[in-house]
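J.: Residues per chain, in single letters:
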Amino acid sequence: MLLLLEMSRTRNNTRELVVLTILIAVAVSVVNAAVFVYYPMDVTASWSKRPIYFDTAGTNAGGPDLSGTITVVLSEDGTDADITVHPSRRGTTLYHNIMTIKNDDTQTYYLWIKVETAFDDSSISEAYLLAGSTQVDLKQTGVTSMGSLDAGEELSVSLRLKVSSSGSGTDSASIELVYSPQSTETPP
Amino acid sequence: MQANPLPPLFSTYNYLKLSILFVILTTIMVVSAAVFAYSTSSLAAGWADPPVRLQDPGTLGVTVDLYDDGASARVDVTSQGTLTRVRRSAFIWDDYSDDPFTSGRLTVNMEAWSWNPAGYVAVTARSLAQTWGGACVAYYSTSPPAGANMVYVLVKELHITNANNQYSGLITANSPMLFNLMGYRRGTGSNRFITIRRFSGAWSTVASDSLTLAENTWFIFLGRREYSGTVGFTVYDTAGVQQGSPIGAADTAFQVNLVGVGVYRAGVTITAHFDDFVACADANPRFVNVTGLEEGWTVYLYDGNGNPVNQATAGPDGKASLNVLTRPIVRNASFEIRLGEAIILPTQSFSEVVGGDVYECSVKHTAILGFKNQDSKAYSVYLRVESIQVPAGYSGSINLWVGPTAGATPIQINGSSVIVGTSSETVLNPFDTSYVYGTFPLCSTPSSQIVLALSLHYYIPSSKVEVEYPVEVNIHG
Numbered sequence: 001m002l003l004l005l006e007m008s009r010t011r012n013n014t015r016e017l018v019v020l021t022i023l024i025a026v027a028v029s030v031v032n033a034a035v036f037v038y039y040p041m042d043v044t045a046s047w048s049k050r051p052i053y054f055d056t057a058g059t060n061a062g063g064p065d066l067s068g069t070i071t072v073v074l075s076e077d078g079t080d081a082d083i084t085v086h087p088s089r090r091g092t093t094l095y096h097n098i099m100t101i102k103n104d105d106t107q108t109y110y111l112w113i114k115v116e117t118a119f120d121d122s123s124i125s126e127a128y129l130l131a132g133s134t135q136v137d138l139k140q141t142g143v144t145s146m147g148s149l150d151a152g153e154e155l156s157v158s159l160r161l162k163v164s165s166s167g168s169g170t171d172s173a174s175i176e177l178v179y180s181p182q183s184t185e186t187p188p
Numbered sequence: 189m190q191a192n193p194l195p196p197l198f199s200t201y202n203y204l205k206l207s208i209l210f211v212i213l214t215t216i217m218v219v220s221a222a223v224f225a226y227s228t229s230s231l232a233a234g235w236a237d238p239p240v241r242l243q244d245p246g247t248l249g250v251t252v253d254l255y256d257d258g259a260s261a262r263v264d265v266t267s268q269g270t271l272t273r274v275r276r277s278a279f280i281w282d283d284y285s286d287d288p289f290t291s292g293r294l295t296v297n298m299e300a301w302s303w304n305p306a307g308y309v310a311v312t313a314r315s316l317a318q319t320w321g322g323a324c325v326a327y328y329s330t331s332p333p334a335g336a337n338m339v340y341v342l343v344k345e346l347h348i349t350n351a352n353n354q355y356s357g358l359i360t361a362n363s364p365m366l367f368n369l370m371g372y373r374r375g376t377g378s379n380r381f382i383t384i385r386r387f388s389g390a391w392s393t394v395a396s397d398s399l400t401l402a403e404n405t406w407f408i409f410l411g412r413r414e415y416s417g418t419v420g421f422t423v424y425d426t427a428g429v430q431q432g433s434p435i436g437a438a439d440t441a442f443q444v445n446l447v448g449v450g451v452y453r454a455g456v457t458i459t460a461h462f463d464d465f466v467a468c469a470d471a472n473p474r475f476v477n478v479t480g481l482e483e484g485w486t487v488y489l490y491d492g493n494g495n496p497v498n499q500a501t502a503g504p505d506g507k508a509s510l511n512v513l514t515r516p517i518v519r520n521a522s523f524e525i526r527l528g529e530a531i532i533l534p535t536q537s538f539s540e541v542v543g544g545d546v547y548e549c550s551v552k553h554t555a556i557l558g559f560k561n562q563d564s565k566a567y568s569v570y571l572r573v574e575s576i577q578v579p580a581g582y583s584g585s586i587n588l589w590v591g592p593t594a595g596a597t598p599i600q601i602n603g604s605s606v607i608v609g610t611s612s613e614t615v616l617n618p619f620d621t622s623y624v625y626g627t628f629p630l631c632s633t634p635s636s637q638i639v640l641a642l643s644l645h646y647y648i649p650s651s652k653v654e655v656e657y658p659v660e661v662n663i664h665g
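Each protein sequence line maps, in turn, to chains A and B.
Counting from 1, position 186 in the first sequence corresponds to residue 186 in the numbering used here; the numbering is continuous, with no gaps.
Just so we're on the same page, the numbering used here is the position in the second sequence counted from 1, plus 188.
These are calculated hints, taken from the structure and not from any lab test.
We put the CB at the ideal spot given by N, CA and C, even for glycine.
Misleading hints may appear alongside valid ones.
What the hints assert, rightly or not - Facing chain B, from chain A, some residues (calculated, C-beta under 10 Å):
1. 70
2. 112
3. 187
What the hints assert, rightly or not - Residues from chain B that keep clear of chain A, each with C-beta distances beyond 12 Å, as calculated:
4. 291
5. 366
6. 376
7. 387
8. 391
9. 430
10. 461
11. 496
12. 505
13. 617
Produce the complete structure using the sequences and hints provided.
T.: Next comes the structure, spelled out in structure tokens:
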């Protein structure tokens, strides 16, 4: 009797296992049967002349500095600038109009200065980039809006550095000029 | 049990969900449309020695503390005003501290004169001279300045007479043939006079009054001769007390060309001594005037030993007249101005102060800070006011500028107002030194302090590279 009962339970389990196996097989079949739909899309990149660029024409770039000259090296299209100045190690040194930011386009652009790497030498107590009425703190990383630059207009860039050091020294900072035709978003 | 029916496709429920989905999609599209372009810049600063350094100008009454290798300074101005001699009316002044005869200052018409190293000249006349109407005279060859209308002569005199009609006094002369002798006359018996006589080919008395002046005693004679003819004469003792009454009259008009002293001998010997001779054109040598004062300020005059000569307090006209009758020539003199115990003007020295002088008390024109160019480049320099602190009610005027002492446009501060905030520029040539100058009003309240925050700027003209140094100026009363 016990044997009959045990055989009956085993048959029932086998049936459940079979059903489960079938279900899994069906599911796998369905996955393997996933349908892919393809829509065509063309991506075209069309580059043209940069609308905003750096320029040194008519500025004090290349003029005599307290030591050496005010050096402003621009890339071919004026999209990159390397600036080297020699402020006094005492007092506040102001570099008037060392380059300009020009809008060579027919539409207005919005500008930001993003300080990627700030001046961090403790001898420099103040460092500002001055453009129009905007003052960008070069001792702090971050993004500062510089407003808009209308078509054909330009913006003069100056530097102010306050150094207090008993000897010579150097420090550097890197910034990015960011521009966009819109102003609702700040640059990432 | 009945199942819930599905909502229709265009039901309100679905509209709401579709709208939310649309907004989300639109937002995603807009965000995706924000285009940013990046241009990179690198900034390198390599600092160098400051080419211009501030310096202490070494001005008396100005203290300069320098900081930051001469790139900032604190300046204390403690002496703000100054006395300037604006007029000297004396064209001759002689205290006979050296021999006026050997030096040629005095010319005599007969050998009767000598110089005493005690500091006076003496004459002992034993005969009449062949010139000057017989008077024995010693006169200066310096004439009054052109344009003068009147001459005052002040001299100290001592006489020893021995006969009637002997004279001793001062001379105002057009020539040896036309002059006045103003002085003392010994009359007959016990009669004694002060008198003004004129010689114009012959002697005549112009004015006279009875007055006995003791023999062998110093007195002070003060005579006045207007070119139009009016003459006057007054005698004082050595304490400055007037003796008798002044005498005067209208005499013959003539221009004074020579002044001096002399005696007229009649009978036997006459001896006289003279000292502290001062001849002034158009001004009374009794007084030294100081102008430009505030009412109530007192001017003190000291001699070279620090002894007081006299003092006077300014009235509403801002003028103080110091009586120097008894000491008309003060060598190594000094002035001090006070209001009560408060010192308005610290001691200011002059090599000599002479009766008739006029001094003006005015703002001081002072170099308060130097700056030296240590570079081979020239720089343009200017000064700017950053802020000021002045005591309540202060109304003084302050001017500050850089560079030459003339022709600059200064920073101008009146009371608590900055009228002109930036000075004109000056060029600082390679290796040159220049100065910040200021004029500061006298201040009657020493405890008040004025603090000026300034900035000294210098720049390279061709590239406008400009350096700024902070300068604090504290002005004490």
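J.: Honestly, which of those hints from before does the structure not fit?
T.: Hints that this structure does not satisfy do not exist here, as all of them hold.
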